[in-house]
Amino acid sequence: MKLKSCLAMYRLLIKTSIKSRMQYKFNFMLASVLAALIQISEFLMIAIVLAKFGAIQGWSIYEIGYLFAVMTLSKTLYRTFADEVHHLEKYLVGGDFDQLLTRPMPVLLALMPQNFRIMLGEVLQGGFILCWSLGGMMHSGQVGWAAVPFTLFIIFTGAVILFSIGLATATIGFWTTRIEELQNFTEDAARTAAQYPLTLYPKWMKSLLLIVIPVGFVNYVPSLYILKGELGAWVLAALAGVAILCLAASLRFWRFGITKYQSTGS
Amino acid sequence: MLYFTLASKAYARNLQYRGAHMVHNLASAMFGFMYACIWIGLGRDHPLGDYGTQGMVGYIAFTQAVLWVTSFISNGLGIPQSVRTGQISLDLMRPVHLFSHMMAREWGQIAYQFLYKSIPIYLLYFFLFSLRLPDHGITYLFTFLGLSGAAYLSICMNYLIGVSALWTTESSWLYWGNHAMINLLAGFFIPLEWLPRWLENLAWMSPYPYLLYVPTTVYLGHGSGRGLWGTLFWGVLMTVLCLLATRIVRRKVEVQGG
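Protein sequence lines, in the order shown, are assigned to chains A and B. This note's numbering numbers the first residue of the first sequence as 8 and each following residue consecutively. This note's numbering numbers the first residue of the second sequence as 70 and each following residue consecutively.
Chain A with its partners taken away, still in its complex shape (with noise of 0.2 Å):
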């Protein structure tokens, strides 16, 4: 019964904030198509680069372009449920966090409704280079129309991969309260390095951005398969088995880290 109300409550807030968007139409489309082309410049650089110099290292436009597309998609579903777990400072720093401790439910479900984010922007600039690489390779016959379904899959377990890594980098905050320069280098520059093929990068860096913040789990591992067809069909299975990993670890961290919480706020 707790469970069914907490999300009662929390699809109401979905709709609530949908709607409070929409009050402003012209300004919310505006805001979303130009935050999709600014983020398809990023894309272009690299685009401009292999239309001069064709593949590196044997990584073709199409596929970069996947990898790309796939990564802004699950960091957009990430932070479109959890954007709070990612802004977790502002409740420590101003002390906001005591509020949540006090409701009779566990903190996650009551931090994350705290905001519902909608990223229509990342979700046109994701969805439109995910269909044009897609396209892509499906019109050369290198995929067939079953990258489609792992595609989604392999987004949602990236999503989950990505959220237990900012829930880890969100907990450490309980022993250092602040954790903007962490997130800077666990969440964004990690993810951005995996937006390219890790095979570019020597060795201790591809094997921290597998084990210690496994972002290549997200896009790189599962390309492997779906778009070279290396490994096997045993990795989509074993992807699953990783987010589910990383998600019990970083659950685990986080409640070990709670105990340890002192108040800051004045």
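Hints may contain errors.
Distance condition first, Cα-Cα at most 25 Å in a straight line; then the derived DMTMM-like pairs of lysine to aspartate or glutamate [as the list claims (entries may be wrong)]:
1. LYS213(A) to GLU239(B)
2. LYS22(A) to ASP90(A)
3. LYS97(A) to GLU239(B)
4. LYS26(A) to ASP105(A)
By construction, these hints were calculated from the structure, which means they are not laboratory data. Values in this document were obtained by computation on a predicted structure and should not be read as measured data.
Add chain B to chain A, keeping to what the hints say.
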């Protein structure tokens, strides 16, 4: 004297956070390292024109380090925020010109970022990639001029973005748009001569190449100091624009909050 005090206060304020900034530098350095790896990967399969692989690594290392002087400066020089809080009305009342006031503050910020961000990041790359330093003293002089000019252009651009906040609440879009332009047109990742011809021509009609590409090529010894005339030209043009904008702003003030 007043301007110097403004600048040194902005510098001192940042000094408090240098520990955190050093951690942040590691993350920033990661980005440049990634871009360098991409070029190294490309260099294995293709000859990289005049630059060669090592040259491109040097190019990326330099642009990534000087970003903190010529691009990553305060969003709109902090004006959008002061419009939101109403502080702008006080700023306009001061017996100091708004443009030079904001600029002095930003120079302090830039000086700090040069010493505590650009230099440590470049030093890291220097050892990591065994980079070479320029041989001639004159190159350092021209690079210094190019970078100062680029920082000034960046201040002007951000000033114009900042004052636009008096007309629209969405001025942060201009800031991000500006960044997208820097990504594509300033030579942030690709030297301009490798852009498609039409885009290269478009870039040279804008002030963007003078932010990164011109100082970098001067430093690497690819271009002569002639590109710096362009920096001067845009500097003068931008100054005129900023002064004009300030005149209009003085009649326009409309405070949002209190």
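Self-check item: Hinted pair LYS22(A) and ASP90(A), Cα distance within 25 Å
Solution: At roughly 17 Å apart (the allowed maximum being 25 Å), ASP90(A) and LYS22(A) satisfy the hint.
Quiz item: Between LYS26(A) and ASP105(A), does the CA-CA distance stay at or below 25 Å?
Solution: Given that 25 Å is the threshold and the Cα spacing comes to 29 Å, the pair is violated.
Quiz prompt | Restraint status (C-alpha distance of LYS213(A) to GLU239(B) at most 25 Å) | solution = Status violated; Cα separation ~40 Å.
Quiz item: Regarding the pair LYS97(A) and GLU239(B), is the alpha-carbon distance no greater than 25 Å?
Solution: 23 Å, holds
When each numbered hint is compared with the structure, violations occur for hints 1, 4.
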